[in-house]
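Visitor: All chains should be built: construct the whole structure from the sequences, respecting the hints.
Top to bottom, those sequences are chains A and B.
Just so you know, the numbering used here puts 87 at position 87 of the first sequence, and the rest follows in order with no gaps.
Just so you know, the numbering used here puts 532 at position 532 of the second sequence, and the rest follows in order with no gaps.
These are computed hints drawn from the structure, not numbers from a lab.
Treat the numbers as computed from the prediction; the structure is a model and nothing was measured.
Be a bit skeptical, because a hint or two may be false.
[What the hints assert, rightly or not] Below, in silico cross-link-like pairs of lysine-lysine (PhoX-like), each with a Cα-Cα straight-line distance of 20 Å or less:
| # | chain 1 | residue 1 | chain 2 | residue 2 |
| --- | --- | --- | --- | --- |
| 1 | B | Lys297 | B | Lys140 |
| 2 | B | Lys312 | B | Lys349 |
| 3 | B | Lys420 | B | Lys463 |
| 4 | A | Lys68 | B | Lys367 |
| 5 | B | Lys339 | B | Lys329 |
| 6 | A | Lys84 | B | Lys140 |
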Amino acid sequence: MSNRREFLQMSLAASALPAIVAARPENAAPSSNEGVGSSHVIVETMSPLALAFGEEAVRLGLKPHRIKDDITDLWFHTLDLQWKRGPATLAGITLSTSLFCLETLARDYGMRVWFKAIHNCLAGGGFEHFLVGPDSLVRQAAAFGGQWSVGFAGMAASLPPLDSSKWLEKTLESARTREPGPMVSWIIAPWPRIQSYLVS
Amino acid sequence: MALPPDVNAKAFADAIKQFQGAVGKDWVFTSDDDVALYKDAYSPFWGEKEEILVSAAVAPNTAEEVSQVVRIANTFRIPIYPISTGKNLGYGGSAPNLSGSVVLDLKRMNRIIEVDDKRHFAIVEPGVAYFDLYRHMQEKGLKVWADVPDPGWGSLIGNALDHGVGYGFGGFRDHFYSHCGMEVVLPNGEIVRTGMGALPGAKTWAEYHYGAGPYVDGLFSQGNFGVVTKMGFHLLPAPEAYLTGTVIVPKRSDIIPLVEGGNRLEHAGVIGMPEYGSPLGGFGGPPDPELRSLLAKPGGASVAELEQHAEKTNRGFFSLTVQFYGGEKVVRAQWEYAKEVFAGIRGVKFNAGDFIKFPATPEQLEKAHKVAIGVPNMSIFTIGARSAFNPSPTDGHLWFSPIIPKSGEAVLEAQDVFMKAFRDLNMPSLVSPFSVPATWMFRAFVFIMGLPVYRNNIEQNKKTRELVKHLIQVGADHGWGEYRTPPAFQQQVTDLYSFNNHALRRLHETLKDAVDPNGIISAGRYGIWPKQMREQRKA
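Guide: Here you go:
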């Protein structure tokens with residue numbers, strides 16, 4: 001779970017970005033997503049929130065990978081092979097444990113989590129969406145209102161250029177669906193602060 | 001950035017420059033953001049000043065580059081901390097014992113040197129993960145299995161050097177035990193090969209452990225005497241078939257003959273890893289509501305009451321799932337033989353389990369406990385891994401891992417002792433009268449518990465640390481020591497291995513001073529500190 005401390009860390013790190021980007025070698029990973037759609041969209045099939053996201057992603061021309069909690073098959077047969085050729089951008093709504101695995105693996109290939117929305121279930125029956133990420137994505141997500149899945153699919157299909165110079169956190173509330181566990185919407189993308197990626 | 005102790009900024013900058021010269025500047029990481037990746041994801045000190053921070057990371061590509069880095073570190077007295085792939089969740093992740101250390105990240109060294117499916121061995125570098133070796137064997141159609149841990153993203157070498165374990169057959173699942181031969185960069189930068197590898201042109205480096213003369217490989221496991229850059233492993237010939245069966249016994253005391261039978265079968269090579277459980281709610285399982293109310297009685301439920309409940313619900317008290325590997329005729333005969341071994345236990349029941357004739361179908365693979373059949377995976381993180389005791393997983397855990405004897409008597413004693421330990425601290429117990437040990441070790445049990453850590457709850461983390469310290473001491477008071485522990489507890493754990501006025505520690509220190517006089521490699525790992533830090537650290 002993210003918290004204020006993590007966010008502050010991200011913000012502090014982000015504030016050092018320009019100098020580090022300048023030092024990045026020519027052959028390193030691309031600086032970030034360059035304003036394109038996600039190359040992979042991942043949907044947790046036990047989650048109504050994620051399924052709705054997946055349906056909208058299909059409508060927008062994306063081909064979601066459907067997982068049931070365990071990312072092993074997707075990672076082993078698809079992502080690992082692709083990441084060994086170079087970092088990529090991907091988006092998903094999954095259980096937090098699936099994101100933990102993806103995030104941990106992605107680090108070795110020059111990618112990190114750029115944006116995440118943690119969907120906490122409130123005692124009163126609603127969702128609290130805790131958003132962390134670049135200013136542009138957080139502001140865009142804050143406008144999703146009760147249409148989170150649709151809005152997030154739109155974001156995944158057409159990401160703006162990711163700019164890590166200004167980070168935001170924001171909390172929203174909306175109606176809730178019945179979920180199998182702690183759900184997270186996320187975007188993983190190449191990260192300019194990694195000088196090179198380790199696995200090839 | 002946390003500078004290494006007693007190293008000034010200029011010297012550190014000079015060292016970084018030389019590291020860049022050795023491995024290329026793309027492979028030296030110094031930004032706060034990059035070095036933050038080496039923090040322990042499950043740190044028990046998250047957000048506290050005691051949290052271990054590294055100063056930089058260096059990622060060499062060859063043993064020769066490792067050697068250069070080590071020589072530079074010696075020149076500048078920079079402490080370095082080698083990691084392979086750096087996962088090690090619950091036991092410290094990739095964080096060192098000493099803040100300011102430079103992580104020597106060996107992920108780029110990911111070459112599979114050799115896999116032989118006729119003589120059943122592999123030789124790999126530290127960056128090779130179980131997934132990588134599995135992919136290689138699948139792509140080449142090799143008829144061998146590597147024993148795999150949970151999850152499968154770890155390094156074969158890193159896991160073995162930390163005394164990691166798996167789920168398969170016999171000694172294979174003790175990954176250090178099943179290693180054979182090493183290449184090691186010593187603290188002075190010299191490269192040595194152990195066992196048969198010391199013989200130029202040797203044909204059996206990964207097959208015969210010892211070569212001639214003293215056997216030194218153990219020094220490099222959980223140690224700080226060198227950087228392992230290659231290692232051989234014995235592999236299991238891929239079996240024709242796999243069969244499981246479950247033995248269920250009705251009384252609590254039946255765990256004693258159940259373990260005796262399990263030992264007899266396992267130590268004779270008849271079964272793979274025995275898996276003990278309790279139909280009443282053992283390792284991670286929930287007691288039902290009636291049972292819960294029984295357990296909640298003042299003073300707890302009596303054994304007679306628990307056994308009556310087991311009988312009434314027709315579930316049995318303990319179970320043992322046995323796993324057979326081999327030819328189809330053989331495994332079916334072995335299950336019949338196993339039933340004979342347990343037939344003398346009054347009220348015993350037998351349930352036939354899974355049968356797979358390889359190659360497994362996708363449906364069989366989906367249903368199987370994949371690690372038991374050599375398939376690395378990450379399902380340990382799935383929702384199914386959550387237990388009734390822990391329905392909402394925390395941000396991480398610390399493993400408390402005491403080794404206890406492989407007997408039913410020891411299991412019952414450990415239950416009683418650790419339930420009391422939790423009561424003494426007025427904390428909810430993770431141990432119940434149905435708790436069973438993990439059986440990864442071939443010749444001992446580990447009565448493992450995962451204690452929660454949080455990224456946003458310093459007070460709770462303090463309580464968890466106190467609990468772990470208490471459990472470590474209680475275990476030692478009963479003759480049970482940890483087999484592995486996070487850096488935060490390595491000093492306490494190894495202090496307790498104190499026979500003859502800490503003779504083992506003094507031997508380690510003598511060796512450390514001789515082999516690594518500047519104390520540059522993994523300072524403090526498992527309680528072995530460099531000479532210049534020793535007294536201060538002990539204080």
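Visitor: Against this structure, judge whether each hint is valid.
Guide: Verification of the supplied hints:
no. : hint                   : verdict
1   : Lys297(B) to Lys140(B) : violated (59 Å)
2   : Lys312(B) to Lys349(B) : holds (15 Å)
3   : Lys420(B) to Lys463(B) : holds (17 Å)
4   : Lys68(A) to Lys367(B)  : holds (14 Å)
5   : Lys339(B) to Lys329(B) : holds (16 Å)
6   : Lys84(A) to Lys140(B)  : holds (19 Å)
The structure shown violates just one earlier hint, number 1.
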